[in-house]
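Protein chains: 2
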Amino acid sequence: MTSLKDRPSSSSLRDEKGMNGDPVTKQAILANEKRRRRRESHNAVERRRRDNINEKISELATLIPECMLDPSAPVSSPTATDEIFNPNNPALSDSTASQAKKETSEEPTTPLEAGVVKANKGMILRKSVEYIRYLQQLVSAQANRNRELEQALSVYREVDDDEGPCRRCRVCAGADTYTYVQ
Amino acid sequence: MTSLKDRPSSSSLRDEKGMNGDPVTKQAILANEKRRRRRESHNAVERRRRDNINEKISELATLIPECMLDPSAPVSSPTATDEIFNPNNPALSDSTASQAKKETSEEPTTPLEAGVVKANKGMILRKSVEYIRYLQQLVSAQANRNRELEQALSVYREVDDDEGPCRRCRVCAGADTYTYVQ
DNA sequence: AGTATCACGTGATACT
DNA sequence: AGTATCACGTGATACT
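Chains as they are written, first to last, in the working numbering: chain A, 34 to 215; chain B, 34 to 215.
The hints are simulated quantities; they were obtained by calculation from the structure and are not laboratory data.
Here the structure is a predicted model, which is why all the values come from computation and not from measurement.
Some hints here could point you the wrong way.
A pair counts as met if it fits within one copy or between any two copies, since identical chains are not told apart.
Derived SDA-like pairs: lysine to any residue, alpha-carbon spacing no greater than 25 Å straight-line [what the hints assert, rightly or not]:
hint : residue 1 : residue 2
1    : Lys151    : Val78
2    : Lys151    : Asn179
3    : Lys154    : Arg180
4    : Lys151    : Val57
5    : Lys154    : Arg166
6    : Lys59     : Val172
7    : Lys151    : His75
8    : Lys151    : Asn76
9    : Lys154    : Arg82
10   : Lys154    : Arg72
11   : Lys89     : Glu163
Input sequences plus hints: build the corresponding full structure.
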């Protein structure tokens with residue numbers, strides 16, 4: 034439907050320099066002009082929106098650690114809390130200087146076996162979701178660990194708070210001479 | 034350019050049931066048919082891609098804490114490491130049950146002063162970038178804090194490591210009955 | 001030839 | 001009427 038919209042924009046009419054005073058023609062020209070301006074404005078707005086979104090996606094791509102983009106990344110199950118402290122884990126390597134993808138090409142190997150997949154938008158968004166989940170779990174685990182440590186410390190330190198400077202702790206520090214009933 | 038592409042798809046021709054054997058017509062019909070199928074396939078592919086991207090963006094929206102979506106969010110400077118442990122900070126409230134945006138409307142207030150902005154794609158992506166940066170800083174700060182605590186603990190515990198199980202620590206743990214030489 | 005990617009322009013729609 | 005949002009279809013393009 035709306036098959037009459039693709040009229041060649043009447044530029045050929047306008048260039049027909051007679052500029053005849055036919056009111057119908059003039060009206061049509063004006064209407065077309067108006068539509069043209071509105072259309073172009075609309076296109077500009079849309080292009081800005083598009084660029085903004087793309088810019089943000091590119092920014093996301095720079096934030097997720099590069100090792101998350103490279104391999105096939107087997108869609109880690111969202112409840113992998115155990116692996117959080119695994120040393121060869123993909124986060125916090127640096128996250129400020131990344132990206133690049135230089136690939137000094139020597140042979141035309143298929144990009145699949147090279148491990149570089151050029152980072153689709155879909156890929157980037159998928160990895161962003163994954164990364165946020167990972168970071169959230171990491172923060173949570175660290176908070177737990179922190180609480181444990183704080184509590185363990187408080188065991189030593191609460192004496193200090195209650196009774197002035199902790200002598201027992203000092204004893205612990207110089208532990209070669211402690212005496213203790215069983 | 035390409036103003037001849039919008040031909041009405043020849044459905045009117047095909048319905049002209051004569052099915053005349055004109056080879057030119059038949060060829061044109063076949064070509065159109067082929068183009069139509071390719072176009073529709075292409076559209077389906079593109080729609081799938083679009084849906085995937087939109088799904089991921091919606092997923093991101095569920096991950097970022099809702100308080101980051103609501104207010105005007107003054108584009109926090111990326112070097113705000115000091116505020117990381119500020120208690121009224123936008124992360125880790127729950128992050129599993131969020132979103133919603135119910136807004137039991139009473140008066141037609143302008144959405145700007147209501148603090149609900151309906152979450153554009155651009156908004157979601159912007160906030161995702163912000164949130165990842167925030168989480169990265171938080172993880173880093175927590176790691177530092179953890180190292181401090183571990184070290185502080187090691188001051189007390191290195192004795193234990195040297196001389197077997199720490200008895201003194203057990204005394205500390207049951208600290209209400211401890212006897213202690215002034 | 002099939003199956004992806006992307007940017008683009010456009011109509012529908014909403015808020016100002 | 002201006003300024004946004006969105007989904008859609010389409011051509012260009014690439015890899016298989």
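Which numbered hints are broken by the structure, listed smallest first?
Violated hints (numbers, rising): 2, 3, 4 and 6; every other hint is consistent with the structure.
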